[in-house]
Amino acid sequence: MKLEKITIENFRQYYQKQQVVFSTSKEKNVTVIHGINGTGKTSFFSAINWCLYGGNSVAGIGELINKRLVEEAKFGDSIHMQVELAFSHHQERYRVRRSLSGRKDSDSVEILSPTEDFNLMRIDYEGQAMKIENPVGQINSILPENVRTYFLFDGEKIDRFARPESAKDVKYAIYNVLKLELLDRARKHLSAIAKEYRSELKSVADDQLKRLLEQIDQKTKEKENAAKEVENTQREIAAAEEHIRGINEKLENSEGVKDLQQKRTKTEKEIKDLGKELITVIAEVRTVAINSMVAVTGEMLPEAIGVLDQKRRKGEIPGNIRQQFLEDLIGKLECICGRPLVEHGEEYRKIKSMITSSVSSTLEEEVTRLASQLRVIQGSQERERENLGRLMARRAEIRQTQENRSALLSDISLQLAESPLEDISKLEEKRANYKEDLENCRVEKKVKENEIKRIEGEIKDLEKEARSARKAESKAKILSDKMDLTQQSADAIDAIYANFADDMRVKIENHTNEIFAQLIWKEDQFSKVQLGDDYKLAVIDRWGKAAESELSAGERQVLSLSFIASMAKVSGEEAPLVMDTPFGRLSSAHREAITAHIPELADQLIIFVTDEELTGETRTNLLNRTGKEYQLNFNDATGCTEIMSC
Amino acid sequence: MLRESIRILLSQYDEKIQKVIEDTLDYEQRYISFGLGTNSSKLKEIKQDIRNSVDKQVKK
Chain A
3 MKLEKITIEN FRQYYQKQQV VFSTSKEKNV TVIHGINGTG KTSFFSAINW CLYGGNSVAG
63 IGELINKRLV EEAKFGDSIH MQVELAFSHH QERYRVRRSL SGRKDSDSVE ILSPTEDFNL
123 MRIDYEGQAM KIENPVGQIN SILPENVRTY FLFDGEKIDR FARPESAKDV KYAIYNVLKL
183 ELLDRARKHL SAIAKEYRSE LKSVADDQLK RLLEQIDQKT KEKENAAKEV ENTQREIAAA
243 EEHIRGINEK LENSEGVKDL QQKRTKTEKE IKDLGKELIT VIAEVRTVAI NSMVAVTGEM
303 LPEAIGVLDQ KRRKGEIPGN IRQQFLEDLI GKLECICGRP LVEHGEEYRK IKSMITSSVS
363 STLEEEVTRL ASQLRVIQGS QERERENLGR LMARRAEIRQ TQENRSALLS DISLQLAESP
423 LEDISKLEEK RANYKEDLEN CRVEKKVKEN EIKRIEGEIK DLEKEARSAR KAESKAKILS
483 DKMDLTQQSA DAIDAIYANF ADDMRVKIEN HTNEIFAQLI WKEDQFSKVQ LGDDYKLAVI
543 DRWGKAAESE LSAGERQVLS LSFIASMAKV SGEEAPLVMD TPFGRLSSAH REAITAHIPE
603 LADQLIIFVT DEELTGETRT NLLNRTGKEY QLNFNDATGC TEIMSC
Chain B
9 MLRESIRILL SQYDEKIQKV IEDTLDYEQR YISFGLGTNS SKLKEIKQDI RNSVDKQVKK
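Residue numbers (the working numbering), protein chains in the order written: chain A, 3 to 648; chain B, 9 to 68.
Quick caveat, the hints were computed from the structure, so don't treat them as lab data.
Model, not experiment: these values are computed from the prediction.
Do not rely on the hints blindly, as some may be mistaken.
Taking lysine to aspartate or glutamate and the EDC-like style, the derived pairs with C-alpha atoms no more than 16 Å apart in a straight line are [said to hold, decoys possible]:
1) 52/B <-> 311/A
2) 450/A <-> 460/A
3) 190/A <-> 23/B
4) 67/B <-> 224/A
5) 190/A <-> 57/B
6) 450/A <-> 638/A
7) 64/B <-> 483/A
8) 479/A <-> 63/B
9) 225/A <-> 511/A
10) 4/A <-> 73/A
11) 190/A <-> 31/B
12) 55/B <-> 198/A
13) 265/A <-> 254/A
14) 448/A <-> 233/A
15) 221/A <-> 483/A
16) 24/B <-> 493/A
17) 27/B <-> 486/A
18) 479/A <-> 202/A
19) 30/A <-> 605/A
20) 181/A <-> 63/B
21) 571/A <-> 511/A
22) 212/A <-> 198/A
23) 204/A <-> 219/A
24) 68/B <-> 486/A
25) 24/B <-> 486/A
For reference, chain A alone in the conformation it holds in the complex (with noise of 0.2 Å):
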């Protein structure tokens, strides 16, 4: 979608009929709008949320009509408001009106029995206008009302998504913008009508059968059960989690725990970050183990080298002389200090039997080159030995530093229990026991999820058995290869939808990294952005380690401006960014770098700003690429705004 044109009527504070162009070009296709606060900045850009997506996109539906007009309005008289885009989408131009209407009745500014008016046209190649009969359905076939917060949006409130608690929204960003719901909803009916026919096969399947269908149908049940468990119990991690951070803030916030309290935060940290630090240890040993096979090589290559030096030394394998050089001095009679040779002289019989005991040059050269490879590996085989020898050393390392950290944390949570301060000991006996429930859930949840990779194996085999005895049975065939066929469906686009989930969390986080980099001032304090498998947003730091608690507003705008950017590129949606007051809590670095780049992010920009925002150098990036600029102006005298081409 680009947005080419907006008229907006007696909306808000825009009094009679307004328009504005957007621009479309590609060079400059940024739209800047001015306007200091309460000039109605905000009502623009709810007016395009309005229009596309009617009275749920903006708050207060029953104070759109503008005031002004209303009260010139004689009673009885009827008042109209509306507001037209023009837009195009994938080659087609659209033009979508949404309008409301009603009557003065009394002296208040009431409107009477107000209905929404929603048309969406779409405009051929003559100009000819052919209204669409679904324009709900095909506005959000073209930009669905579940993503347009992630493309039109509140500057100021766009850090959610970098927030620690964030995770769920990140997900649901992800699964709204790619359009997972399309999968998720293609698999859950498929496996819903798996078990309809698994349920009218058994009405003509016979007793072996039937039972085999019985078990299915009861290890399916069990499976659906522990899935339903596993979301309890993540609930109740949640939870826990929540009530612990919850105690955290009270105890920080505590005269004479305070500190305490901060360290054990701060140990509790270095616990994570040591564990996060000892998984990639061991990655790390298990790879340099793999490639350099040092394990299984060990003394073998030294021996190889010393039995191949030996045999040259022997003889056995002449060194690298070529064969061809001592027939060049037979032939010319002559050695390699100028004395002639004497035929069948003692030098020269030396020769003759020296190249009699060559073996093939070919020979020669490929025993040369295996030593020489030989010892290559063995060099670089030290060398991994050496990385892995270090490698260990810091494996051990964190172990004991870990298990050192874990009893000063025992220790601090002593300290606590044992605190004269009643409150704060009972504080610390709750904590404990979220704490213990929160292990409890945790372990509920894994013994959960491997029992169900367990009934999946065994649904996987009675399946299979099922099969085997349906082919005996013609009857039931039809039916059970419907059945099968859908099964096997189902059973698909599960591993797609995993498949393109993970893809598609991994492309977004490389995209993310890219912008985050692009974007951020302090080049070298973030070494990347990580979109883990629980869809938690992390920057990390250049220390490698989580540094989300030290982000600033600013910076968490810029991260989750970031994840915006990157969905956008990802998901391919061609879409607008209307951003409203975006530059407001950022600093001139971040404002600069932000202008920079952002115009590349998007194939249309649309940005609503006050005049602090966009200063010096922010202003200079932007309008380098703006293409139209607006001035809102408000008249004090009549209350409404006037929209000015700059």
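Based on the hints, put chain B in the right spot on chain A.
Okay, now just chain B, sitting in the frame of chain A:
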């Protein structure tokens, strides 16, 4: 983007499975686009459409 990626991932499966999944995704897409995803009578329609697609592939 999604459909292209799915098509690539689908190519490793049997042709009949590919067809059933392609059809299912078309039906789901249609209902999502029309904002009818949670309408119960429409859900029955989707399921019937999927069953018809399965029938067609089994009869082939």
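Here's how the hints hold up against the structure:
1. Proximity of residue 52/B to residue 311/A is assessed by CA-CA distance (about 80 Å); at most 16 Å being required, the pair is judged violated.
2. Proposed proximity of residue 450/A and residue 460/A is supported: the alpha carbons are some 15 Å apart, at most 16 Å.
3. Distance restraint check for residue 190/A and residue 23/B: the Cα-Cα separation of roughly 21 Å exceeds the 16 Å cut-off, and the hinted pair is therefore not satisfied.
4. Simply put, residue 67/B and residue 224/A have alpha-carbon atoms about 33 Å apart, too far for the 16 Å limit, and the pair is violated.
5. Under the criterion of a C-alpha separation no larger than 16 Å, the hint pairing residue 190/A with residue 57/B is consistent with the structure, at around 14 Å.
6. Distance restraint check for residue 450/A and residue 638/A: the Cα-Cα separation of roughly 65 Å exceeds the 16 Å cut-off, and the hinted pair is therefore not satisfied.
7. A threshold of 16 Å between alpha carbons decides the hint, and for residue 64/B with residue 483/A the separation of about 12 Å falls inside it, so the pair holds.
8. For the given pair, residue 479/A sits about 13 Å from residue 63/B by alpha-carbon distance, which is consistent with the 16 Å threshold.
9. At roughly 32 Å between alpha-carbon atoms, residue 225/A and residue 511/A are farther apart than 16 Å, so this suggested pair is violated.
10. Restraint check for residue 4/A and residue 73/A: the C-alpha separation of about 36 Å exceeds 16 Å, so the hint is violated.
11. About 15 Å separates the Cα atoms of residue 190/A and residue 31/B, which keeps this hinted pair within 16 Å; it holds.
12. Taking the CA atoms of residue 55/B and residue 198/A, the gap is near 10 Å; set against the 16 Å cutoff, the hint holds.
13. A threshold of 16 Å between alpha carbons decides the hint, and for residue 265/A with residue 254/A the separation of about 10 Å falls inside it, so the pair holds.
14. About 12 Å separates the Cα atoms of residue 448/A and residue 233/A, which keeps this hinted pair within 16 Å; it holds.
15. Taken as a hint, the residue 221/A and residue 483/A pair is broken in the structure, with Cα atoms around 21 Å apart against an allowance of 16 Å.
16. The hinted pair formed by residue 24/B and residue 493/A meets the criterion: a straight-line CA distance of about 14 Å does not exceed 16 Å.
17. About 14 Å separates the Cα atoms of residue 27/B and residue 486/A, which keeps this hinted pair within 16 Å; it holds.
18. A C-alpha spacing of about 12 Å is found between residue 479/A and residue 202/A, which places the hinted pair at or below 16 Å, so the restraint holds.
19. Our distance criterion of 16 Å between C-alpha atoms is met by residue 30/A and residue 605/A, whose separation comes to about 10 Å.
20. Distance hint between residue 181/A and residue 63/B is unfulfilled; the C-alpha atoms sit about 28 Å from each other, more than 16 Å.
21. Among the hinted pairs, residue 571/A with residue 511/A is consistent with the structure: their alpha-carbon atoms are about 12 Å apart, no more than 16 Å.
22. Between residue 212/A and residue 198/A the alpha-carbon distance is near 14 Å, which keeps this suggested pair within the 16 Å criterion.
23. The straight-line distance between the Cα atoms of residue 204/A and residue 219/A is roughly 11 Å, inside the 16 Å bound, and the hint therefore holds.
24. The suggested pairing of residue 68/B with residue 486/A holds, with an alpha-carbon distance near 15 Å, which does not exceed 16 Å.
25. Distance check on the hinted pair: residue 24/B and residue 486/A sit about 11 Å apart at the alpha-carbon level, within 16 Å; holds.
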